[in-house]
Amino acid sequence: MFVISGQSGLLSAEKINSLVTVLQSVNQEEVSFGNRVQGRAKAYIYTYEDVPESYSVEVFFHVDDQDKKFRLRHEKGTVQRFRVKTIEEKALEFVESMGFMMDNLQIHNLPGQQKNEMLRALPIFENAQTIKEQKVSISKDDLSSLEYDLVDSNEMKRYAAKLLSSL
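The numbering of the sequence shown is our numbering, which starts it at 1 and goes up by one.
Each hint should be verified, as a subset may be incorrect.
Said to hold, decoys possible - SDA-like mimics (lysine to any residue), calculated; alpha carbons at most 25 Å apart, straight line:
#	residue 1	residue 2
1	Lys69	Glu49
2	Lys15	Ser97
3	Lys42	Met101
4	Lys69	Pro111
5	Lys68	His108
6	Lys76	Asp65
7	Lys90	Gln114
8	Lys42	Glu75
9	Lys42	Leu72
10	Lys85	Ser97
11	Lys90	Phe70
12	Lys15	Leu110
13	Lys76	Asn116
14	Lys90	Glu117
15	Lys42	Lys68
16	Lys68	Leu110
17	Lys90	Gly112
18	Lys68	Met101
19	Lys76	Ser12
20	Lys42	Gly77
21	Lys76	Gln24
As the list claims (entries may be wrong) - Cβ-Cβ distance ranges computed for the label pairs, FRET-style:
#	residue 1	residue 2	range
22	Gly34	Asn109	31 to 41 Å
23	Leu110	Asn35	35 to 45 Å
24	Glu89	Glu29	17 to 27 Å
25	Gln106	Ser54	22 to 32 Å
26	Gly34	Gln113	25 to 35 Å
27	Phe82	Gln113	30 to 40 Å
28	Ser12	Glu75	43 to 53 Å
29	Arg81	Ser32	16 to 26 Å
30	Lys85	Asn109	30 to 40 Å
31	Gly112	Val3	27 to 37 Å
32	Asn35	Arg83	11 to 21 Å
33	Pro111	Ser32	38 to 48 Å
34	Gln114	Asn35	32 to 42 Å
35	Gln38	Arg83	18 to 28 Å
Treat the hints as calculated values from the structure; they're not laboratory data.
Glycine included, every Cβ here is placed at the ideal spot set by N, Cα and C.
All chains should be built: construct the whole structure from the sequences, respecting the hints.
If you want it as structure tokens, here you go:
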């Protein structure tokens, strides 16, 4: 389950180099957050290394016409690397149950400047203009246990079959 984050609504710009995965909705859906905000929103799911070997998976909604942002974290907070895929799957189930269709931005495949430009354009960061290009070296082996390509059609078919069988 995901709960409203106790932290500020936006992710600190310093976390840009800690990001492991970013998914963005390709559509907007009607959302409601209590009595306060109702409107069409985009959804984001992102995973970042919060402290060494502890990862946070968060869901973020941006109601564009009101410029309202809501950040949700997994109820367990940070998790160890081996639990990341499971939590990401729960996040995906959560936003898909609301009607969002998600796309993995494959940020680890982008060159530094292109990655930073793309991330600066996302509404998830505070002070996005301060994000600077930094070179980070991550091997494919480092990502293999975290990477979950949600765009791959075979993965999606298996995932859909799993969801249907649970109904």
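Hints versus structure:
| no. | hint | result |
| --- | --- | --- |
| 1 | Lys69 to Glu49 | holds (22 Å) |
| 2 | Lys15 to Ser97 | violated (28 Å) |
| 3 | Lys42 to Met101 | holds (10 Å) |
| 4 | Lys69 to Pro111 | violated (28 Å) |
| 5 | Lys68 to His108 | violated (28 Å) |
| 6 | Lys76 to Asp65 | violated (32 Å) |
| 7 | Lys90 to Gln114 | violated (29 Å) |
| 8 | Lys42 to Glu75 | holds (22 Å) |
| 9 | Lys42 to Leu72 | holds (14 Å) |
| 10 | Lys85 to Ser97 | holds (18 Å) |
| 11 | Lys90 to Phe70 | holds (18 Å) |
| 12 | Lys15 to Leu110 | holds (17 Å) |
| 13 | Lys76 to Asn116 | violated (29 Å) |
| 14 | Lys90 to Glu117 | violated (28 Å) |
| 15 | Lys42 to Lys68 | holds (11 Å) |
| 16 | Lys68 to Leu110 | violated (29 Å) |
| 17 | Lys90 to Gly112 | violated (29 Å) |
| 18 | Lys68 to Met101 | holds (20 Å) |
| 19 | Lys76 to Ser12 | holds (20 Å) |
| 20 | Lys42 to Gly77 | holds (23 Å) |
| 21 | Lys76 to Gln24 | holds (23 Å) |
| 22 | Gly34 to Asn109: 31 to 41 Å | holds (38 Å) |
| 23 | Leu110 to Asn35: 35 to 45 Å | holds (40 Å) |
| 24 | Glu89 to Glu29: 17 to 27 Å | holds (20 Å) |
| 25 | Gln106 to Ser54: 22 to 32 Å | holds (23 Å) |
| 26 | Gly34 to Gln113: 25 to 35 Å | violated (40 Å) |
| 27 | Phe82 to Gln113: 30 to 40 Å | holds (33 Å) |
| 28 | Ser12 to Glu75: 43 to 53 Å | violated (21 Å) |
| 29 | Arg81 to Ser32: 16 to 26 Å | violated (35 Å) |
| 30 | Lys85 to Asn109: 30 to 40 Å | violated (18 Å) |
| 31 | Gly112 to Val3: 27 to 37 Å | holds (34 Å) |
| 32 | Asn35 to Arg83: 11 to 21 Å | violated (34 Å) |
| 33 | Pro111 to Ser32: 38 to 48 Å | holds (39 Å) |
| 34 | Gln114 to Asn35: 32 to 42 Å | holds (41 Å) |
| 35 | Gln38 to Arg83: 18 to 28 Å | violated (33 Å) |
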